[in-house]
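Whenever a hint applies, use it, and build me the whole structure from the sequences.
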Amino acid sequence: MKLTIERSALLKALSHVQSVVEKRNTIPILSNVQIEAADGQLALTATDLDLAIVEHTGADIAQDGATTVPAHTLHDIVRKLPDGAQVGLSLNDRTLTLNAGRSRFTLACLPREDFPVMSAGELPHRFTLPAPQMKRLIDKTRFAISTEETRYYLNGIYLHVAEGEKGSTLRAVATDGHRLAQVEVALPDGAAGMPGIIIPRKTVQEIRKHLDEFEGEIGIELSDTKILFRFAHAVVTSKLIDGTFPDYSRVIPEGNDRLLKISCEEFSEAVDRVSTISSDKSRSVKLALETDKIMLSVTSPENGTATEELAADYSAEAMEIGFNSRYLLDILDQVEGDEVEARLADSASPTVMRDGADESALYVLMPMRV
Amino acid sequence: MDDGKSGRIHLLDEQTVNQIAAGEVVERPASAVKELVENALDAGAHHIDVVLREGGKALISVTDDGIGMSPEELGMAVERHATSKLRSAEDLNAIGTLGFRGEALPSIGSVSRLSITSRAKGADEAWALKVDAGAKTGPLPAALSAGTRIEVRDLFYATPARLKFLKADRTEQSNALDIIKRLAMAHPHVAFSLSDGDRVLFRAERALSTGDDAQKARLGDILGRAFTDNAVAVDAVRDDLRLKGFAGLPTYSRGNAQQQYLFVNGRPVKDRLLVGAVRGAYADFLARDRHPVLVLFLELDPHAVDVNVHPAKAEVRFRDQGLVRGLIVSGLRHALGAAGHRASTSVSQAALGAARPATSPVTRPAYGEKSALGGGFHDAARSWQAPTSPMPEQSRFDPETIPVSARHEPVTQEQEQAAQREDYPLGTARGQLHETYIMAQNADGIVIVDQHAAHERLVYERMKASLEKSGVARQMLLLPDVVELDPDAASRVLARAEEFAELGLVLEPFGDGAVVVREVPALLGKVDSVRLVRDLADDLAELDQGLTLKERLEEVCATMACHGSVRAGRRLTLDEMNALLREMEATPHSGQCNHGRPTYVELKLRDVERLFGRR
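Top to bottom, those sequences are chains A and B.
UniProt numbering numbers the first residue of the first sequence as 1 and each following residue consecutively.
UniProt numbering numbers the first residue of the second sequence as 1 and each following residue consecutively.
I should point out that these hints are in silico values taken from the structure, not numbers from a laboratory.
You can trust all of the hints, since none of them are fake.
When the alpha-carbon atoms are kept at most 27 Å apart in a straight line, the in silico DSSO-like pairs for lysine-lysine are as follows:
1. A:Lys209 to A:Lys226
2. A:Lys209 to A:Lys12
3. A:Lys135 to A:Lys202
4. A:Lys12 to A:Lys2
5. A:Lys286 to B:Lys550
6. A:Lys202 to A:Lys226
7. B:Lys167 to B:Lys270
8. A:Lys166 to A:Lys135
9. B:Lys550 to B:Lys270
10. A:Lys202 to B:Lys526
11. A:Lys12 to A:Lys202
12. B:Lys469 to A:Lys286
13. A:Lys293 to A:Lys261
14. B:Lys526 to A:Lys239
15. A:Lys239 to A:Lys202
16. B:Lys464 to B:Lys526
17. A:Lys286 to B:Lys464
18. A:Lys286 to B:Lys526
19. A:Lys23 to B:Lys526
20. B:Lys469 to B:Lys550
21. B:Lys550 to B:Lys526
Far from chain A, some chain B residues (derived; all Cβ distances over 10 Å):
22. Ala186
23. Tyr252
24. Tyr437
As the structure is a prediction and not an experimental result, all values here were calculated from the model.
Ideal placement from N, C-alpha and C gives every residue a C-beta, glycine not left out.
Have a look at this one:
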């Protein structure tokens, strides 16, 4: 193998694939990235056995070949090379030599034959989704993904076909047991028969990285156990979480009849301000709702108290409710419109929140007892 | 009747019955010693002398100066269920003596060569009775000035199977010694001695003083002076229960729980209730693998406790377990709280030991004597006990008392004067060494404070106080967690649901053998509630109280306290140091950090003088 490639092209491809590689591995070759030169293109592959990514980039290839080298080391080297440098890679026996300007590195290789290949298997359901829609599905839900390992089936985004009043939609749901986020987009052609799947958190993060640079249609292929995302230059294959997502629709209350409408920006800033005073990890904020205003208050036995009054559109019976301010801010961050709508029942029941300008997203937040 | 191997049902002869009973009552020489010494105590003895040969296998001899027995009583004494301590079944409900079953002597007699010599009080002659593997001879006239002497020779010779299971002489001897020590702790007004025929292994003189002093002196004899110097007196009363005794300071802790003694109405017992209660009371001050040393005497109405549970009476049942546990926990907490910021003298002794010059010109054996040093410290420490209430709330907003603010105002005249006063227990700060240790001078010594450990404890205590005041905020769960347990564990956990709810964990029953978690303490964040509940269930099974939850909350507080406190390496001004010292004096439990290590060491001036050979 012998090739030359522009530093920035190599860096971009490497930075996509290296984040899949775990920092510590018990199987040495999992720390490596596979480099393959063929058909006038350079293919970089990385995997953690649950998730694999293959990224293609153009290169000036003098001789085809393939090997594997430590991913993080290679990434760090290329990152530190000067901008615009031409990087030469050549494989000789068991080492890969990297030349750039006057720098020269020799990296130990492991044989590419040992590199685990993740086979996608049969992927019967195929459809395409515009990148902005995919981005929406991820961005509006991923903050609610659980990190707690015991309920592994909550460690991802649940993607499935939902039957609503306005026909079928493709819906993403995530919850950590404290709050829930749900967002939907129009059902793409070909997705109708797909099973409900749980995309793991790490895969969601990797996909999201590509969406910043990619504008077109994403090709999605999936089965019960695996999913594949096809971008212009990269293919991401991932296992799915093998579990049953809970029947989340039960926890979304229907009958909450106390409607609060408030400026999202003002609300968010006020919550952030008053929660400064709370010193402990629970970070609770109390909301007192009265006609056309709400009063935010935080009490810390150590630091003191904070209150702030906000004008709001509220005409139901006065009530008080406590929330984790962090959770509240997470939801308010997702609201793009000027106004946020909250439907409440009482201080011990879940509250439903929506973006005033966006019907397709919905959030459920469980209150705190303070 | 004797057809077939299994034969017909028939009554066992008395000798066999006694040998079977012996299996339960007399397990090893130590248990025979226990029975005999308890008899002596019940007979009102003032001196009890025990001799053991070959760990008690060859000879156990117990001599007392009690009321003795008449020849008629002697004959009765070795009959099964013959006792002077119980008249009717009613008496069983209110047992005031150590023995009562009437099983000990016949049981011992059935497996050994037993001889009893006794002279009843006021009688002119003594009588002796011999029992050889159950066969009685006598009583015959004998010579003895007063009291009773019981000799047990060749224990278990009649039951060779049991004989084989005895341990080495030394082990049996130390078991017996342990028994005598336990009994001696509870009876300071009785002199005890134990010898192996040649050497005296243990001797405790009769205490001449009364009350706590006698008790303390006796405990000092047995557990060592270091214990009494580093223990606080416990005295708590609730309803008809009275708890007395001595609890070791957290800084005087051990690697195992062996030195924890509980006496119920003078009877040494081993009870898991004690283990749990002690762990609960010390949870704040000790790492999990450290155990305090303590001796507790529980006195209660004999009706409220059943001692007739175990043949050797090692276990008891309380009518109201919760009350007893509550009393022990609150009694210990209160006593430790009153100890305030005391750290153990063993700490300062260790420091002095390390400071002693290697090439000491004159060796002074008296130098390290614990009593002089410890006593002085102890007295001084007692006199500091007044400020035990937590910091008043408003002081947190009072800039004068903020311990380590970054104020750099010029020192006013008034402050300077205050700083010169040396009647503070922890003294006045003189400087900071290595940006880690505060050196302070008090009326009669030097105080060295570890600034990080001390401040960490202060922050922790403050956090705990505020947690207690404001209650634990609870995050309700959108998706409640169902925890599968076995039905027993589930009902145990649910029985305490109210207690857990106060700590932020709300549980409800969910079918048979499962509970559903509705709310969790917000402080714990996204907690693995399944494991938490399982751990609580295990705690309840093992210790009869759910410590895990409280420990988890305190762990979070402790971590936050660690991050929120002044680190080693931070330079402090004199004002800051003095503020820290004053707050330590005002905060309970500031003598040790969250892991039981001392936060400060005090060196007495006279000890420092000794270091330099001035004394």
